[in-house]
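Asker: Can you build the whole structure from these sequences, using the hints too?
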Amino acid sequence: MATFVVRRLIASIFIFIAATYLMYILVALSGDPLEDLRTSSAPNKQQLIEARTALLNLDVPPPLRYFIWLGGIFGLTGKGFGYLGVTVQNQPVNVLLGQAMGSTLQLVTLATVVAIILGIVVGITTALRQYSGYDYGVTFLSFLFFSLPIFWVAVLLKQYLAIGFNDFLRDPAIPWWLIVILALISGVIWMSIIPRKGIQRLYTFLIAAVATAALLVYMELTDWFSNPHIGIVGIVLSAAGVAFGVTAISTGLRQRRALRASIIVAAIGIAMYYPFMLFISYYLTFWTWVGLGVLAVAVSFAIGWFTGGADKAPVARTAAITGFLVAALISLDRFMSVWNAYANSSRIKGRPIATIGSSTPGLEGSLWVMGVDFFTHLLLPTIALILISFASYTRYSRASLLEVMNQDYIRTARAKGLTERTVVVRHAFRNALIPIATIVAFDIGGIVGGAVITERVFGWTGMGALFQNGLDHVDPNPVMAFFLVVGGLAILFNLIADLVYAGLDPRIRVS
Amino acid sequence: MSNIPPPVEQPGHHEGSVAEAENSIELKEIAGLSQGQIVRRRFFRHKGALISMFALAFIILLSFTSVGVAFGDWKSGGWWQYTWNVAVEIENNGRPTLSLFPFAIGNHPFGQDEVGRDIFAVVMRGTQQSLMIMVIVGVIATIIGTVIGAVSGYYRGWRDSVLMRFTDVIITIPVIVIAAVLGRRFGDFGAPVLAVILGLLLWTGLARLVRGEFLSLREREFVDAARVAGANDNRIIFRHILPNAIGVIIVNSTLLMASAILIETGISFLGYGVQAPDTSLGKIISENQVAFATRPWLFWWPGVFIIAIALCINFIGDGLRDAFDPRQKRMPSDRALARADRDKTPVGPAPLAEAEARVPRASGSTGMGTGL
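Line by line, the protein sequences are chains X and V.
Residues 1 to 511 (the UniProt record's numbering) are what the first sequence spells out, left to right.
Residues 1 to 372 (the UniProt record's numbering) are what the second sequence spells out, left to right.
Hints listed in this document are in silico derivations from the structure and should not be mistaken for laboratory results.
This list has only true hints and no planted wrong ones.
With a cut-off of at most 25 Å between alpha-carbon atoms, the simulated SDA-like pairs for lysine to any residue come out as follows: (1) Lys47/V to Ser132/X; (2) Lys47/V to Ser192/X; (3) Lys349/X to Thr294/V; (4) Lys47/V to Ile189/X; (5) Lys47/V to Phe140/X; (6) Lys47/V to Gly137/X; (7) Lys47/V to Tyr396/X; (8) Lys47/V to Thr139/X.
Here are a few chain X residues that sit away from chain V, every Cβ distance over 12 Å (derived from the structure): (9) Ala2; (10) Thr3; (11) Ala211; (12) Val236; (13) Phe244; (14) Tyr283; (15) Leu292; (16) Phe306; (17) Leu332; (18) Trp339; (19) Met370.
Quick caveat: nothing in here was measured; it's all calculated off a predicted structure.
No residue lacks a Cβ here, since even glycine has one placed at the ideal position from N, Cα and C.
Answerer: Here it is as C-alpha cells:
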C-alpha cells in the first residue's frame, strides 16, 4: 500500500508539472500582452512597453519563461519560496490569490456539502421507491437540472427568487390558494417517500398536508417572515423529532439504549436553550462558536459511550448526530433572532436577499448579524450550484444502490430475517457508498474550477475573477496561480479517490 | 437475422417463480433477433428517448430550414422572412407576437431586440451553431477517445503508460478553463474552429472508459480464438473487440455532446467563444442578461432552446444506456412483482421492461464478435 501511494504521488507530481507547462504556454500564446500599449496614444508609449517587458520578462520566449516562473515557486529567484510573480499592474499574485481563495472556498464549500447530502438522500430514496411517480419525477428533474446552463438559472434566480422574495417580504402575506397548493404538494412528496401501502399512504398524505397547512397558517398569523423564530416550543418539538428520527435510521427504535441516549442529549440541548440565547451567545466569536459546536458533539458522544453498555459505538454515534443537529437548530434560532434587525438596518433597507457580491459593504455587527449577511449573499449562488451538481449525485447514488440491492448478500440478509432498515442502512447503503465516495472526491477536485461562471454571474471576486483578469491581459502569472490551486485540487482529490476506493473495498488490490 | 416477430409470452402458466417467468418472457422476446434488433427494440420502448428523438429532429429541421445556412460568403435562404443579422423597424416595442390563445405567430414571434433584429431568426441561427458544434465535437472527441483508449487498452505496456499519462495531463486542466484559454486565441475564426478545439479537449473521459472495456475484453476467449485463427491486431481490434465496446462508446458520446453544448454556451457567455457578428445561444444570453427586467424575451428563448437540446440529448443517451446495458433496470418494484404474481392476464409492457433487466449483461457474447 505504501509503495502504491508513493508511486501514485510521484506520478501525480510529474503530471501536474506537465499540465502547468502546457497551461503556461497556452496562456502566454493566447494573445499579445502589449496590445493595449501598442494601440495607446500615450507619449511615453515606448517606455511603457519596455517597462512591462522588463516586469514580466516578455523578452524571454514562453517555453523558457515558464522556467523563470517555476524557479520563482521553488525560491530560486530570491523572492522566497512559493513566489508567484506579479500581475500586469505590478500587484503581487500571492496576495491576490490569498483573497480570491478565501472568497471562492466560502462560495463552494456549503454548496458542495449540501449538494452531496441532498443528492445522496434523494438518490437513495428514489432507488428504494423505484418506478414510483416520485422516482420518475426526480429522474426528469435531474435530467432537467443537468441540462441547465448555470448563468441562465442565475438570472432567473435573481429575478424571481431574490427580487420576488424581497417584494414579498415588504408585505408578507401568503394567499390561501398558495397554502392549499403547498400542502397538497408536500402531502404527495411525503406519501411517495415514506414506505407505506394502501390506506396508510392516504394517512401519510393527509398528515403531511394538514401539518404543512397548519405550519403555513401559523407563520401567516404570527407574521413569521418578518420575525422568523423557532422558539422554545419549536425547539422542544424538533429536538424530540430529531432524537427519534436519528435513532430510527441509525440504530432502529428497538435499540433502547440509543433512544435513551438521544433523548438525554436532546433534553440537555433544550435545557441549554435559554442560557445560550440570553447569555452565552453574546460572548461568542466565530471560532468559539465552532468550538462550542465541537464540544456539544463531544459531550453527546461521551453520553452515548458511557450509557451504551454493550453497544458503545453505535449508541455514541447516534447520540453525537443528535447532539450536532440539536446544536445546529439552536444556533439557527439565534441567527433568526437578528433577522428583523438585519433586514431593517440602514444598509439593507428591507431588501435582504442579495443578488450580487459576497458581503454588504460597510456592514458591521455581531457574529450573528454577519452570519445572516453571509447567508443572504450565499443563498442564490449556492442554490444555482446545488441545482447543477445535485443531478449527477442523485443519478449516481440511485444507480449504485440499485446495483447493490440486487446482490446475493442482500437476499441473504433478508433471508435471515433482518429488518428492512438493517438491510438497507447497514448492508446496502454502506456498500453503495463506495463508488459514490470516489465520484464525490473526483467532483470536489473539479468544483473550484467549475465555479468560474457562477462567480462571474453573482459578482464574487474570487478565483474566477483572478483567472479572467489574467486571461484578458494575456498575463500568465495570475492564471497560473489559479491553475495551481484548481489543478492541484484535481490531482489531490484524484489521488484521494483512488485511495478511498482501495481502502473501502477490500476486493480492490493495489500493488 | 430472422424477421419472425417473437410471440408475446403469456406468463399466466408460470405460477411458481416470477423471476423464472420473466426470464423466459425475455428469452422468447429476443429469440432469433440480432443484437442490433434487440437494442433497437429496447431503445424504442424508452418513451422519453423516443419523444426526445422526435423533438430533436424537429429542432434541427426548424433551425436549418427557417433562416437557411451560411458558410462564409455562400448563403442559402430559408422560409423565414427575416435574417439573423439584419435589423428591421421595431414593431410594438419589440414585444413577441407569438400567442397560443388564439394561436398566432405574427411578424416577430420571439420579439425583437433593441436595434430591431428579429429574435426568432437570431435564436435559430444560434441553435444552428450550437447543433453544429455539438456534432463536430461529438465526432472528433469520439474518434480520438476511442483510438487512444483502444490502443492503450489493447497493447498495454509502454503505449498504455504514455497515452494514459497524457490523458491525465489533459484531465487535470478543467475543460472550461482550457476551452476559455484556447477560445480567446481561436474564437475569432468562427464556430467550426471552436468546435474542433472543444473536440480536441473532451475525449479524455471516453478514452479511459474505452481503455477499461478493452482491458477486460482482450482477455476473453473469443479474442484468443480470433488470434489462434490468425487474425492480426487490426482485425481483432476493429472486428472483434470494438463491436463489443460499442455500447459504452455510443452512450458516452451522446452524453459528451450534451456537455459540449453547455460548455460552448458557457465560454461564449464568458466572452471567449463565438464572436460577433456571428452568434450562438450562450452569446445571446450573455449580451442580454442586463435587459432581463425590460425585455425578458431576449433571454427566455435562447435558454429554452439550450435546455431543449441538452435535455433531448440526455434522454436519448439514457435510452441508449438502457438499450445497451440493462443492468440498472433489474430490481422490479414490489407492486410489479405482486401484480405479476397475482395476475392471470397477459402482462403489459411495463413488467416486460423490468423482466429483460434480469438477464445478465450479455454484451461480450462471442456471437457478436463479427456480427455487428
